[in-house]
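Take these sequences, add in the hints, and give me the full structure.
Each protein sequence line maps, in turn, to chains A and B.
Note that numbering that gives the first Met the number 0 has the first sequence beginning at 0, numbered continuously upward.
Note that numbering that gives the first Met the number 0 has the second sequence beginning at 0, numbered continuously upward.
No wet-lab data here; the hints were simulated from the structure.
Worth double-checking, as some hints may not be accurate.
20 Å max Cα-Cα, derived DMTMM-like pairs, lysine to aspartate or glutamate [what the hints assert, rightly or not]: (1) A:Lys231 / A:Glu353; (2) B:Lys45 / A:Asp246; (3) A:Lys304 / A:Glu259; (4) B:Lys45 / A:Glu353; (5) B:Lys133 / A:Glu134.
Please read these numbers as outputs of a predicted model, since none were measured by experiment.
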Amino acid sequence: MVHPLHESAAVSGIGETAYTRGTPKSALTLQLEASLAAIADAGIDPRDIDGVIPYFPGGAIAEDFIANLGLRDLALSAFIPMGGATCVAAVQMAAMAVATGVCKHVLISVGRTGYSGARVSTRLQQFPVFAQAAEFEAPIGMFAPAQLYAQGARRHMELYGTTARQFAEVAVTTRQHAILNGNVVMNKPLTVEEHHASRMISDPFRLFDCSLESDGGAAVIVSASDRARDLKKPLVTIMGAAEGHPDSPASIAQRPDILEFGLVKSAPRAFAMAGVGPKDIDFAQIYDCFTFTVIRQLEILGFCKTGEGGPFVMDGRIGLGGELPINTHGGLLSQGHVVGLNHVIELTRQLRGEAGRAQVKDAEVGLVTGYGDMGDGSIAILRRAA
Amino acid sequence: MSAATTAAPPPVPERPLPVPTRESQPFWDGMREGRFMLQHCAQCSKVRHYPRPVCPHCFSMECTWKEAPLGGAIHAWTVCHHPFSFFFKASVPYIVALVDMDAGVRVNAQIKGMAEADLAIGQRVKLAFEPVNKEVTLPFFVAG
Numbered sequence: 000m001v002h003p004l005h006e007s008a009a010v011s012g013i014g015e016t017a018y019t020r021g022t023p024k025s026a027l028t029l030q031l032e033a034s035l036a037a038i039a040d041a042g043i044d045p046r047d048i049d050g051v052i053p054y055f056p057g058g059a060i061a062e063d064f065i066a067n068l069g070l071r072d073l074a075l076s077a078f079i080p081m082g083g084a085t086c087v088a089a090v091q092m093a094a095m096a097v098a099t100g101v102c103k104h105v106l107i108s109v110g111r112t113g114y115s116g117a118r119v120s121t122r123l124q125q126f127p128v129f130a131q132a133a134e135f136e137a138p139i140g141m142f143a144p145a146q147l148y149a150q151g152a153r154r155h156m157e158l159y160g161t162t163a164r165q166f167a168e169v170a171v172t173t174r175q176h177a178i179l180n181g182n183v184v185m186n187k188p189l190t191v192e193e194h195h196a197s198r199m200i201s202d203p204f205r206l207f208d209c210s211l212e213s214d215g216g217a218a219v220i221v222s223a224s225d226r227a228r229d230l231k232k233p234l235v236t237i238m239g240a241a242e243g244h245p246d247s248p249a250s251i252a253q254r255p256d257i258l259e260f261g262l263v264k265s266a267p268r269a270f271a272m273a274g275v276g277p278k279d280i281d282f283a284q285i286y287d288c289f290t291f292t293v294i295r296q297l298e299i300l301g302f303c304k305t306g307e308g309g310p311f312v313m314d315g316r317i318g319l320g321g322e323l324p325i326n327t328h329g330g331l332l333s334q335g336h337v338v339g340l341n342h343v344i345e346l347t348r349q350l351r352g353e354a355g356r357a358q359v360k361d362a363e364v365g366l367v368t369g370y371g372d373m374g375d376g377s378i379a380i381l382r383r384a385a
Numbered sequence: 000m001s002a003a004t005t006a007a008p009p010p011v012p013e014r015p016l017p018v019p020t021r022e023s024q025p026f027w028d029g030m031r032e033g034r035f036m037l038q039h040c041a042q043c044s045k046v047r048h049y050p051r052p053v054c055p056h057c058f059s060m061e062c063t064w065k066e067a068p069l070g071g072a073i074h075a076w077t078v079c080h081h082p083f084s085f086f087f088k089a090s091v092p093y094i095v096a097l098v099d100m101d102a103g104v105r106v107n108a109q110i111k112g113m114a115e116a117d118l119a120i121g122q123r124v125k126l127a128f129e130p131v132n133k134e135v136t137l138p139f140f141v142a143g
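The following block contains the structure:
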């Protein structure tokens, strides 16, 4: 039986600001700017938005959208506190809202002053999930994501022989893609040698294994497919979407397998809803808070077996023209950190054929993941339907 | 000397310290006494950590606290070079090991007196106690 959510919703509008390091704009202004761009892209009136899911915690609440966009009858407002998994989980929630008729057009938005505002160790304190780590791990010097996720990366290296060279391949390939995009923070080529020479942050993560602290805004509009078909841009439908939470969700330390993310649970559900498998995926936008996080998610998604993610990313396989192009916009590693909503935008752009110099040839089906909040994992699989 | 000409001393960075909850207080009381106390279900006896109100196996809300052995084996580790908090600036690089305790839970703590080259999955270590102030004692590991 076809899942009721299968292709009943579509990504109808996408918008983003310039990605920079330094801005005089607030996180609120950035996400309103991106939201207006997404609304214009969809070709609807701002007042047609009747659902909003702003990134939490991120400088905007539903009331801001009513006040600024003149929304007349907001039917759904929600926060999804899943860290880096928030934006793609929001795609599932928005799809549910428009598929059931609760909403017509749901706006998902992120505004972030990660460079010019508070830095990661400060921001993290605002996350509800952080309470346990704050009590048991921050006092011994473990509190930043680069530290909390490093132990899993080290264990993967010890168990499977994964190497820094393979981490570097993710960083270098992602940078090559960023340069083709143009709206990116990092626009100079990166070599494997430069990756290896960059300073150690939390072993095994070097500086160039870590995502950017940047400023910018991004927004996406999700509409019912039958409504989106009549809008301005080619129809890109949501074949499947899911969120997943790992066991011991607030503590990686106590998780039975520290390399099991929420994606272990959400990916099979999303593939089943989509009616496709890994072999049907033409390209993917994988949440890349760290290089290793991409490698491990490729294993969980079934593109290769556990332990084979390192070799999988080598030999041009994840570059443009390769078997599975990854993060064709430059990702969080090189484009900018808007919590992965830029990954949803790039996925949509590719499926519309609007990706310019980074266009994947014959892009028909692609997937996007979100990862965060100690390992929550979300996924959406989209298709060019027009 | 006017206040305007007196340079303020640089702020002393404060160590992030645990704020015990009603559920976790017995753990921190134990640490202060040099005892590694763990929460067990009063009904099915299973151990759980970090402390929480309900046993996820049998849903009992009754628990008992028992002293646990200090030995364990390294599960994973990281070497922290970048101090994300100013307090740790003086101590980088430091090793944080995630340890499978013999009692059946994990503890994350710094390793002292061992070189990075000596670390391996399965390496035996022993939990030790570092009093930070009269309320708080934190765990660390030494070679076991």
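Here is how each hint holds up against the structure:
1. A:Lys231 / A:Glu353: holds, 14 Å
2. B:Lys45 / A:Asp246: holds, 17 Å
3. A:Lys304 / A:Glu259: Roughly 13 Å separates the two Cα atoms, so the pair holds.
4. B:Lys45 / A:Glu353: violated, 56 Å
5. B:Lys133 / A:Glu134: Status holds; Cα separation ~17 Å.
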